[in-house]
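Can you build the whole structure from these sequences, using the hints too?
These protein sequence lines are chains A and B, in that order. As numbered in the working numbering, residues 1 to 258 make up the first sequence, in order. As numbered in the working numbering, residues 259 to 516 make up the second sequence, in order.
Keep in mind that the hints were calculated from the coordinates and are not lab data. Every value quoted in this text rests on a predicted model; they were computed, and no experiment measured them. A couple of the hints might just be wrong.
Said to hold, decoys possible - Which chain A residues face chain B? A few, computed with CB under 8 Å, are given here:
| no. | residue |
| --- | --- |
| 1 | Val6 |
| 2 | Arg37 |
| 3 | Leu41 |
| 4 | Asp46 |
| 5 | Asn50 |
| 6 | Gly53 |
Claimed, not checked - Lysine-lysine pairs mimicking BS3-like chemistry, simulated, CA-CA at most 30 Å apart:
| no. | chain 1 | residue 1 | chain 2 | residue 2 |
| --- | --- | --- | --- | --- |
| 7 | B | Lys365 | B | Lys268 |
| 8 | B | Lys321 | B | Lys268 |
| 9 | B | Lys321 | A | Lys67 |
| 10 | B | Lys268 | A | Lys67 |
| 11 | B | Lys448 | B | Lys268 |
| 12 | A | Lys70 | A | Lys10 |
| 13 | A | Lys63 | B | Lys325 |
| 14 | B | Lys268 | B | Lys325 |
| 15 | A | Lys63 | A | Lys116 |
| 16 | A | Lys10 | B | Lys268 |
| 17 | B | Lys448 | B | Lys365 |
Quick reminder that beta carbons are idealized off the backbone N, C-alpha and C, glycines included.
There are 2 protein chains.
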Amino acid sequence: MLAHPVGHAKSPGAFNALFEDRGLDSLMVPMTCTPDRLEDLWAGLDAMQNLRGIIVSIPYKGKLLEKAVKAHPRAARVGAANVLRRLPEGGWEADNFDGYGFVMAMKTKGHVMQGKRALLVGAGGGGSSIAHCLAEEGVAELTIADVDADRAEALAAAVRREFPACSVVTGPADPAGMDIAVNATPIGMKPADPLPMAIENARPGMVIFDIIMEPSETRLLQEARARGCHAEAGRPMMDCQMQAWVDFFDVDRKNRDV
Amino acid sequence: MLAHPVGHAKSPGAFNALFEDRGLDSLMVPMTCTPDRLEDLWAGLDAMQNLRGIIVSIPYKGKLLEKAVKAHPRAARVGAANVLRRLPEGGWEADNFDGYGFVMAMKTKGHVMQGKRALLVGAGGGGSSIAHCLAEEGVAELTIADVDADRAEALAAAVRREFPACSVVTGPADPAGMDIAVNATPIGMKPADPLPMAIENARPGMVIFDIIMEPSETRLLQEARARGCHAEAGRPMMDCQMQAWVDFFDVDRKNRDV
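Next up, the structure:
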């Protein structure tokens, strides 16, 4: 697991519990370096024969995508890898399961995306991946909101280019008239945070999805539930992403003896 | 833990049990690379901010000593590091506890080395470190035996240079007339191996030390015990070396948050 800083990362603990459950001789280890040393660290990771794969987080998702000789369109179109695996023939393959985890969590909960109107608040790394996946799943209209209007417009343009059938616009963080509204910002992690969207305009029965993991029940979700919305938390999205990583790493494959 | 291959290494398991016992947020991970990629791997290890130290084994003990800006005489005189730690001011410090572990195990068992006659069989990496430490502990005479006579003579010359007060010669693998005889070869790891020295010439009361860890009781030690010798196995040497590594890494120091 590569990030900077990395001390807060939850993935190694979750993966190692899974490895232990399955009796596998595998381990996920957090590692970090300052941005000026990334090229050196990368040289070492590439040379490290018994390293099978890397989970990547901020700020190295873009840089590590550049290292891959092969990338899934999910990763290429957002310009960011959140996982790499070593290819048997040498070199690395990148993928990005941020948006995939969101989509799988939605499906697991029985929520249809096809033909729906969706609001996405937050056009950063996670939001970018979710926006593309919502369009891929066939939402009819996607409204992107971000405090940085340029960033919102850039993401909207990118999604339009990839998925011309989806009507993508930018707009306010307002769930009025939507079927699905997603918070992909960190707003709500701290108790004093404002609400990330105008929840008073949410209608009963719509989906309010908050990708925040901690707290597990944000104020946004409490307000959504009080209004009769389907309130969906971040944890199932992480669980789905974790399963995707496990499949990508093929962790049940017999370990090569090195 | 760096070695090539590394799959057989026992140190990570032993260290991780110790880290868990002490409730420490530390982990020892086996890593490996082919010799042609060592420079790349080293660049990565140096860049890896949350890596505190490295246990080194075959074939990288010499190369890693060269990476250190500071080395204990124990490591410098044998031209090999078996451990490195990151210095707070940057760069790495090397040490080598192979011979130190042997000496501490001898002392723990109450065996005096000062003024004694010692036979050392095996002039490889481990033997080289033990030879210097025996001389440092004040053995009066040290006989070095190796199937490669040139290697035995080179080690004898090196020890003479460092410890002129010690009479160092090369000779046959024969414990006749000795107070201490040490097997520092791998001969005895396999059931069909011959004995590494002429054990029939051992006298009761002398020390026969076998650095082999597996099996814990080699045939050499069985024969030695049958002749009334003090038979000493490899495990306590590893335990003493482990404690030295723990002190060197200062594992009880509060982990830096990175």
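Hint status (Cβ of Arg37(A) to nearest Cβ of chain B, threshold 8 Å): holds (4 Å)
Check: Per the CB criterion, is Asn50(A) less than 8 Å away from chain B?
Finding: holds (5 Å)
Lys365(B) and Lys268(B): Cα distance at most 30 Å?
holds (24 Å)
Double-check Gly53(A) for me: the hint is only fine if its C-beta lies closer than 8 Å to a C-beta in chain B. Cβ of Gly53(A) sits 14 Å from chain B, so the hint is violated.
- Query: Is the straight-line distance between the alpha-carbon of Lys70(A) and that of Lys10(A) 30 Å or less?
  - Reply: Judged against 30 Å, a Cα distance of about 27 Å means the pair holds.
Query raised in the report: Going straight from one Cα to the other, do Lys268(B) and Lys67(A) come out at no more than 30 Å?
Result: Given pair Lys268(B), Lys67(A) is violated - Cα atoms ~33 Å apart, limit 30 Å.
Review point. Is the straight-line distance between the alpha-carbon of Lys321(B) and that of Lys268(B) 30 Å or less?
Key: This hinted pair holds, its Cα atoms lying about 22 Å apart.
Can the restraint linking Lys321(B) and Lys67(A) be considered satisfied, given a maximum Cα separation of 30 Å?
-> holds (28 Å)
- Message: Is the interface hint satisfied for Leu41(A)? The criterion is a beta-carbon contact with chain B at less than 8 Å.
- Response: This hint holds: Leu41(A) lies near chain B, its Cβ roughly 4 Å from the closest one there, short of 8 Å.
Are the Cα positions of Lys10(A) and Lys268(B) separated by 30 Å at most? holds (28 Å)
Requested in this report: Classify the hint on Val6(A) as holds or violated, based on whether any CB of chain B lies nearer than 8 Å to its CB.
Outcome: holds (7 Å)
Is it true that the CA of Lys448(B) sits at most 30 Å from the CA of Lys365(B)? holds (28 Å)
The structure shown violates the earlier hints numbered 6, 10 and 15.
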